[in-house]
Amino acid sequence: MSKAFVSLLPKTFRDWFKSRGWKPREHQLELLAKAKAGRSVLLVAPTGAGKTLAGFLPSLAELAERGPSRGTAKDKRGIHTLYISPLKALATDIARNLEAPVQEMGLPIRIETRTGDTPSHKRARQIERPPDILLTTPEQLALLLAHREATDFFKDLRRVVLDELHSLVTSKRGDLLSLGLARLMSLAPQATAVGLSATVREPDDLRRYLVPQRASSTFPLKGEVAPEAREGVGSATSEAETLPPHPGSLTRSDPPPQGEGEEWGPTNLADLVVVKGGAQPDIRMLELDERLPLAGHTASLSMPVIYDLIKDHKTTLVFVNTRLQAEYTFQELWKLNDDGLAIALHHGSLDVAQRRRVEEAMAEGKLKAVVCTATLDLGIDWGDVDLVVNVGAPKGASRIMQRIGRSNHRMDEPSQAYLVPANRFEILECRAALDAVHEAAQDTPDARIGALDVLCQHILGMACADPFKLEDLYEEIRSAAPYADLTWEDYEACVAFVATGGYALRAYERFAKIVKGNDGLWRVRDGKIAQQYRLNVGTIVESTMIKVRLGKASRSRPGTVLPRGRILGEIEEYFAETLTPGDTFLFAGEVLRFEGIAEDEVLVTRAASGTDPMIPSYEGGKFPLSTFLAARVREILADPFEWDRLPPQMTEWLLQQRRRSIVPGARDLLVETFPRGNRFYMTCFPFEGRLAHQTLGMLLTRRMERAKLKPLGFVANDYGIAVYTSGDIAALAMRDPGFLDELFSEDMLGDDLEDWLAESALMKRTFRQCAVIAGLIERKFPGEKKTGRQVTISTDLVYDVLRKHEPDHVLLRAARADAATGLLDVKRLGMMLERIRGRIIHKPLDRVSPLSVSVMLEIGRERVYSDNADEILAEAEAALLDEALA
Amino acid sequence: MTALRKNKETTHEIELAGQLALLDLSGGMYLPAHDALLVADLHFEKGSSFARRGMMLPPYDTRETLSALSDVVSRFNPRVVIALGDSFHDIGGPERLGDEERSTLTNAQAGRDWIWVTGNHDRILPDSIGGQVVEEMNLGSLTLRHEPESGAQTEIAGHLHPVGKVVMRGRATRRRCFLTDGNRCVMPALGAYAGGLNACDAAFKPLFPKGFTAHLIGTERIFAIAKSMLCRD
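Sequence order for the protein chains is A and B. Using the working numbering, read the first sequence as starting at 5 and increasing by one per residue. Using the working numbering, read the second sequence as starting at 119 and increasing by one per residue.
Calculated directly from the structure, the hints in this document are not laboratory data. Errors might be hidden in some of the hints.
Label-pair restraints from in silico Cβ distances [claimed, not checked]:
hint, chain 1, residue 1, chain 2, residue 2, range
1, A, GLU709, B, ASN195, 27 to 37 Å
2, A, LYS473, B, ASN195, 36 to 46 Å
3, A, GLU513, B, GLY248, 54 to 64 Å
Okay, derived cross-link-like pairs now, DSS-like style, lysine-lysine, Cα gap no bigger than 27 Å in a straight line [as the list claims (entries may be wrong)]:
hint, chain 1, residue 1, chain 2, residue 2
4, A, LYS556, B, LYS345
5, A, LYS92, A, LYS339
6, A, LYS551, B, LYS323
7, A, LYS372, A, LYS92
8, B, LYS323, A, LYS556
9, A, LYS27, A, LYS92
10, A, LYS768, A, LYS847
11, A, LYS808, A, LYS847
Positions of the beta carbon are idealized from the N, C-alpha and C atoms, including for glycine.
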C-alpha cells in the first residue's frame, strides 16, 4: 500500500525526504491520496506524528506542480491553501517550519501569515496579491470573509487546514470558525478541509464539522461536483486502488454503505485517518511517605521530589491547573533551587513579552523546566521535553493524555509523566485518571450546539461582505455542523436582532443596521456599521482582564502609591473587584499587596519578604472534573476492593469514614449533618465540579431560607459543598422525613433558578459576554481608558430591563444556553439531581466526619458566595454602628 | 409574625440643611417642608440615543424609568416635582419619546407643578414636554442645580451618578447612593440605563472636604454606610 502511495509524491519531494534520511510516513501519504481524491479528512494523531507536515504535504505537492503565478492582473490567483490555528503564535511557528522544506526543495510557493500583528500595508498587499498559503486564526478568517474582496480572494481555494481542531471546536470560536468554513465552501465548492486533531472521544463530531451538512432534503446541489455531493462515510483504511487514476480529479459521491450501522441521512462525514499512538506512556502517581492534607491545592509536600525530578531530566514541563497554582509552584521550586536551575513560569496572565521570552528560551533548549498552565497545552513545538509533571487534579482523562503527549516528541519512545495529587481527594482523581489512561478512555466534551450570539455576529459580517438573500444564507449556515439544526425562527430572530435589536417594541426601524432592498437582498446600511463590525469581531471577550501595575511609594506624600512601575500582567476583573486595599496575593512569581485600582489598572506593591499571601483563592473553576472521571472516583470510593490500589493513607482515611459515618454507593448522595460551635452544618459530595456546586449552593440556601433554617453561607469545591445555618437541619429532617428529598428536588431548576438568575453576578457576566459577541454593545479594548459614564453602558442595567420586558429575547436565550454549560453549569447540576433522586442517604452525626473535614477546611480560605446585596449592606451598616459605639 | 418577611422600608430619614428629607428607595428625595419631590438624571431615551449609533439597546428604558417615577410621584403626591437635569439623554430625546411614554409623563404631571432643571445633556428642552424649564433654583435655603459646585454651601444636585461599592468578606455589591455631609446632597441617577460613578472617585472630593455618609439603595431598604467602608471599583 505504501508503495502505491509513494508514487503520489512528486520526485522532488521523494528526493528531499531521502536527502534528509527520512521516509514519508504512511498517514502523510494517505492524506496525499485523500487530497487527490478530493476528499475532506480528519487526521487523528498523537503529538510528534508529523501531523502538520501531513496536513500541508498535498498542498505543497500541488503548488509545486502548478508553478508560480505571473502575478499580472489577468492571472490573479486567489489563495490555494488556508491554515487556521487557535493561536497566532502557532500560526507563526508553523509558517517558519514550512519555509524550511519549501526553500530546501526550491519550490515556488509564497507562504504568509495574517494575524492581529500584521501591519495594515501588508494586509492590503495580501488582498491585492494573495499568497499561495495563508496561515491565520478564526477571527482573522471572519474579517477576511467580511471583506468586499472575499469572493476573489477565496475563489481558487483548494484546501483548508484546521490545526488543533479538538481544542477549537469546544468553544464559541469553534462556532465562529464553523460558520466561516460554511462560507468558504460556498465561495470555493472545490475546496476540501483537513482537520488535525489529538485523540477524542467522538471523532465523528469532528468529521461532521469538516464537511457541509445536508441541512434539509431540499438542499440545492450546486452541480456535479458540489461539496455536499462528496460526502461519504470514509474509512481509515481506504484502499489505494479505489482511488481515481487522475490526480486532481474529483470523485463522485460514494454509495451509502449497506448495513454498517452507520446512519445515512442528514449527516455527512469527512474521511478519517487515525495514527495509532506509539509506546504506552510511562505514567505514575507520585507517592509520598508523608500524609497529604485533606484540602488545598498547593502540593507543598511534593515540591522537593518534583525538584529532584527536574534535576534528573533534560527538560521538564510542570503543568498546573490555575494561574495561582502556577505562581505558588514556581515560588516553591525557586526556594529549593540551590543548583540555580533555569526554571521559568508561563501562564496566560503574564505580560506577552515575558511569555515570548520564555517560549523562545524553551525552544532553544535553554530551560530546565517550565511551570505552566493550559496556555501551553496547545501544540507549539517545545523541543526536547522528556518529562511531564502534572500537579493537582487531572480533571479529565483526555486532558491529561494531551498534556502527557507534550513529553517526548518521538512517537516510538514512551512519554514519561508523573501525576502529583495535592490532597487526598486528588489521590482518588489521579487513580481514576491513571486507569483511564491505561484503557485509553477519552472524555472530551460533546459537540457544541452553535451559539446564537456568534450567529448574530456572523450575519452582520456576511452583510458587510455581500448583499444576501435570507433563504440562501440560512441554507449556508445550516451546512455548518454546529448549526445544522438551527430553526428558521431562531435564524429570523438573529437577523432581526442584527437589524434593529429584534424587540417586540419595534422602535428602531429607522436606525436599522442591515436593511432589505427592493431586490430582496439584505445589505449593511453604511460603512460605519461595517467598521463597527470589524472592531467587534471575535468571540473572546477580553475586557474581563485588567492590567496589574507595580506602584512606587510617593516620597513627597507618604502612604500614597504612584503608578510608576512596570506592568506585571493582567488578572480577571472580577477577581480584582473582590480585593480590598492591603490584601496580599501571589502574582508573577511574587507576593503582591493590593493598593487599589487607578485608571483601569490594578496598582500593587511588593509585599515585605516572608509575607504569606492572604488571598489563597483557588480560581480553579475553569475546568471542572469531567463527568467521566467523577463517575470513576465515585466507583472507587464505593468499592472497598478498589481501596487496595490506593496509597495506605487513603485507605486508612476511608476506613475511618466507614467507622464514623458511611461511605456512599456509587450512585448515592451522602448528606451529613452535624452541629459545630453554635452553627449547624450540612455537607454532601456530588463530585460535579466547583461551578455546579456553587450553583447548587446558591439554590439550596434559597430553599433553606424558605424552610426557615436561616442559612448563613456555604463553601464549595470540586468534590462537594458545606452549607451552614442557625437552624437545626438534622432536627427538621427527623421531623419531616421527606425534607431532604424535597430540598434536593429537581424543581430547584425552575423558579428558584429563575429568581437567582435575576440577580446573579455570574449570570450578568455571562450576559455581558453574549452582548459583546452579538454586537449589542461595543467591545472595550484592553488598555483603552474609560471615556466617562455617559457614553459607556452597563450591561447589568440592560440585563435588568430586558429580563423584565422581554424575557424570551434571543440574547437572553443565548445567555441562558451559556449558563447551562458555562459559569453556572446548570446542565451538570440537572444531571446530578436526576441521578440522586430517591438515593439521598442522610447521616446525622455528632461531629464532623473524616470525609466532611475536607470541605469544612475550605471555610475561611474560600469566598463565601452570596448575591444578596442587602445582607452585605446590612453588615457594612452594622460596622458603622460598631465604630460609633466603640 | 416575626418570621414573616419585613415589608419594604421605602423611605429613610435624614437631616439636610436643618430640614427633614426623606430618601426614597426609588432614588428620589422628598422634602416635606416644601411638599417637593426631587429626582435626578432620568436620562430618558438613552436607549434610542445609542440605537442611532448602531447599538440597539432594549427600547424599554424610558418606560422603566417612567414607571419608577410615576410610582414615587403617586406615593408622595407632592405639590411640585423637580427634575435636576439630564432628564433626557440628548437634545433629540423629547422628540423620540413614544406616545405611550408621553401620556404616562403627562399623567404624572397632572395636578402639580413640574420643573425641569437643565443639565449638560439637555441644555434645551421643548415646551411640548410640559412644566417649566429653569437653569437652577432655590428652595428655601437650598440651591437646586444639575452640576454640583464646590464651595456652594447648601445644595442638592445630580450629574455625578454616585454609586457606592461595599466588599464584605469577599462578597461585593455596588449600588446607587445619596451622598451627603448634612449640607449638601448629590443624588443618585434614576434613569434605568444611567450608569454610576464610584463615590470614592476624585470628583467627589472637593464637594465633601470633610467627608460624607453614603446612603446606599438596597433591595428592601436604604443603608447608611460610612465613607471608610466604601471601596474603589
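Hint-by-hint comparison with the structure:
1. A/GLU709 / B/ASN195: 27 to 37 Å: For A/GLU709 and B/ASN195 the Cβ distance comes to about 36 Å; the hint holds.
2. A/LYS473 / B/ASN195: 36 to 46 Å: violated, 57 Å
3. A/GLU513 / B/GLY248: 54 to 64 Å: violated, 27 Å
4. A/LYS556 / B/LYS345: Roughly 25 Å between the alpha carbons, so the hint for A/LYS556 and B/LYS345 holds.
5. A/LYS92 / A/LYS339: violated, 34 Å
6. A/LYS551 / B/LYS323: holds, 26 Å
7. A/LYS372 / A/LYS92: Given that 27 Å is the threshold and the Cα spacing comes to 25 Å, the pair holds.
8. B/LYS323 / A/LYS556: Judged against 27 Å, a Cα distance of about 23 Å means the pair holds.
9. A/LYS27 / A/LYS92: Not satisfied, since the Cα-Cα distance of roughly 30 Å exceeds 27 Å.
10. A/LYS768 / A/LYS847: violated, 37 Å
11. A/LYS808 / A/LYS847: violated, 42 Å
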